[in-house]
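S.K.: Chain by chain, the residues:
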Amino acid sequence: MDIFDGIKEALAEILDIEDREITPDTYIIRELGAESIDLLELAVSLNAKFEIDVNDDEIFLKTLRLHMDAGLKQGKEAAGYLKEKFPSLKKDRLKEIIADLEAGPALKVKDLISYVRLKLETR
Amino acid sequence: MHLKFSGNRALILGGNSELGICLAKYLINAAIFPILTYRNETGHRHILDRLHSVEGKYSSFHLDFDAPASLDSLFRRIGDNLDFLVDFAHANYESLVASADEERLSRYFAENISFRAAVLKRAARAMLRNKRGRLVFISSSAAKRPNPGQGFYAAAKLASEALYKNLGLELGERGITTVTLRPGYIDAGRGRAFIQSKGEDALKKVPTKKALTKEEVAETILFYLSDSAGGANATEISMDGGLTAGK
Numbered sequence: 001m002d003i004f005d006g007i008k009e010a011l012a013e014i015l016d017i018e019d020r021e022i023t024p025d026t027y028i029i030r031e032l033g034a035e036s037i038d039l040l041e042l043a044v045s046l047n048a049k050f051e052i053d054v055n056d057d058e059i060f061l062k063t064l065r066l067h068m069d070a071g072l073k074q075g076k077e078a079a080g081y082l083k084e085k086f087p088s089l090k091k092d093r094l095k096e097i098i099a100d101l102e103a104g105p106a107l108k109v110k111d112l113i114s115y116v117r118l119k120l121e122t123r
Numbered sequence: 001m002h003l004k005f006s007g008n009r010a011l012i013l014g015g016n017s018e019l020g021i022c023l024a025k026y027l028i029n030a031a032i033f034p035i036l037t038y039r040n041e042t043g044h045r046h047i048l049d050r051l052h053s054v055e056g057k058y059s060s061f062h063l064d065f066d067a068p069a070s071l072d073s074l075f076r077r078i079g080d081n082l083d084f085l086v087d088f089a090h091a092n093y094e095s096l097v098a099s100a101d102e103e104r105l106s107r108y109f110a111e112n113i114s115f116r117a118a119v120l121k122r123a124a125r126a127m128l129r130n131k132r133g134r135l136v137f138i139s140s141s142a143a144k145r146p147n148p149g150q151g152f153y154a155a156a157k158l159a160s161e162a163l164y165k166n167l168g169l170e171l172g173e174r175g176i177t178t179v180t181l182r183p184g185y186i187d188a189g190r191g192r193a194f195i196q197s198k199g200e201d202a203l204k205k206v207p208t209k210k211a212l213t214k215e216e217v218a219e220t221i222l223f224y225l226s227d228s229a230g231g232a233n234a235t236e237i238s239m240d241g242g243l244t245a246g247k
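Going down the list, the sequences are from chains A and B. Under this note's numbering, the first residue of the first sequence carries the number 1, and numbering increases by one thereafter. Under this note's numbering, the first residue of the second sequence carries the number 1, and numbering increases by one thereafter.
What the hints contain is simulated information worked out from the structure, not anything from laboratory work. Don't take every hint at face value.
What the hints assert, rightly or not - Here are the simulated lysine to any residue pairs, SDA-like style, with alpha carbons at most 25 angstroms apart:
1. A:K62 <-> B:D72
2. B:K121 <-> A:E96
3. B:K121 <-> A:S45
4. A:K49 <-> B:G231
5. A:K62 <-> B:A162
6. A:K62 <-> B:K205
7. A:K62 <-> B:K121
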């Protein structure tokens, strides 16, 4: 199954939004209104669909701010430090995320795609 | 009353206990397939011997709260095929708080709280796929009224109760609910040994002056697993003959 299609299908089912357009740039929390229990269901669904282990903290960037603070304390460059913690995301994307944080949770559909892709490649 | 059940597969943690085996027989009668966990070969043999007559109607699996790898293999085997969980697993650790061995108490909490949380996480995720699940945790009247020496046991029970409570709170809307039962003295396993060692004094504080039989406990659990008990979620229920009601 195509990764994007699989994620779209899971989101539509869990959030009950079959009629809404979902693109790789759609924000999961900010636009689709996913709550923590929805994210949990999404993790379970992706785990089953793609047969991958899903770490909720990592895929949903739950520990992003925690790691940012830790990196800051160690005097490290933010995107470089985060790259070690979120290996599925490219450095440019992490920079985007950091710049976007003020406006709310920055998680997008494409971040899930990257996560699933890396998991499938390293399985 | 005829009990109805939403599901047909139950995981029994601590399945090699007398209570676990007794419950397994009731479940089989109710057309529910029990999967009993054991932590060592003695426990395994015990299950095989006691459930000899119902071979093929249950399965057993190694799960050691001190061996995290056994969790992976258990849930690989279960997949998302899990409707019920009954949790009897709990090691005993008797010590006055002020005389506890520090390394041992850390290990005790790791096994009886952290590992249980990991089991619950896996079970809940398996149940989430089917949007239904019922979990019953067997706590103890010691959670409310511990004797001296039961501090660690009570602390681990209370922490575990909190995990079950929150699971029911968080996933109730997704069809996953929990109940904690707090039995008092039971005429089985550790309880029987205690009652025998104390003689008549053991039941002096129990208003009914009786210990629970394992059948009574199993039947109560069966009721709480059934659809009839659906209203009970994220809560603790005492079944101790009134032991913890008075002072």
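S.K.: If a hint holds in the structure, say so; if it does not, say that too.
M.R.: A quick look at each hint next to the structure:
1. A:K62 <-> B:D72: holds, 24 angstroms
2. B:K121 <-> A:E96: Violated, because 33 angstroms separates the two Cα atoms, which is more than 25 angstroms.
3. B:K121 <-> A:S45: holds, 15 angstroms
4. A:K49 <-> B:G231: Violated, at about 33 angstroms.
5. A:K62 <-> B:A162: Given pair K62 of chain A, A162 of chain B holds - Cα atoms ~23 angstroms apart, limit 25 angstroms.
6. A:K62 <-> B:K205: Outside the cut-off at roughly 50 angstroms; violated.
7. A:K62 <-> B:K121: Answer holds: K62 of chain A to K121 of chain B is near 17 angstroms, not above 25 angstroms.
Violated hints for the displayed structure, listed by number in ascending order: 2, 4, 6.
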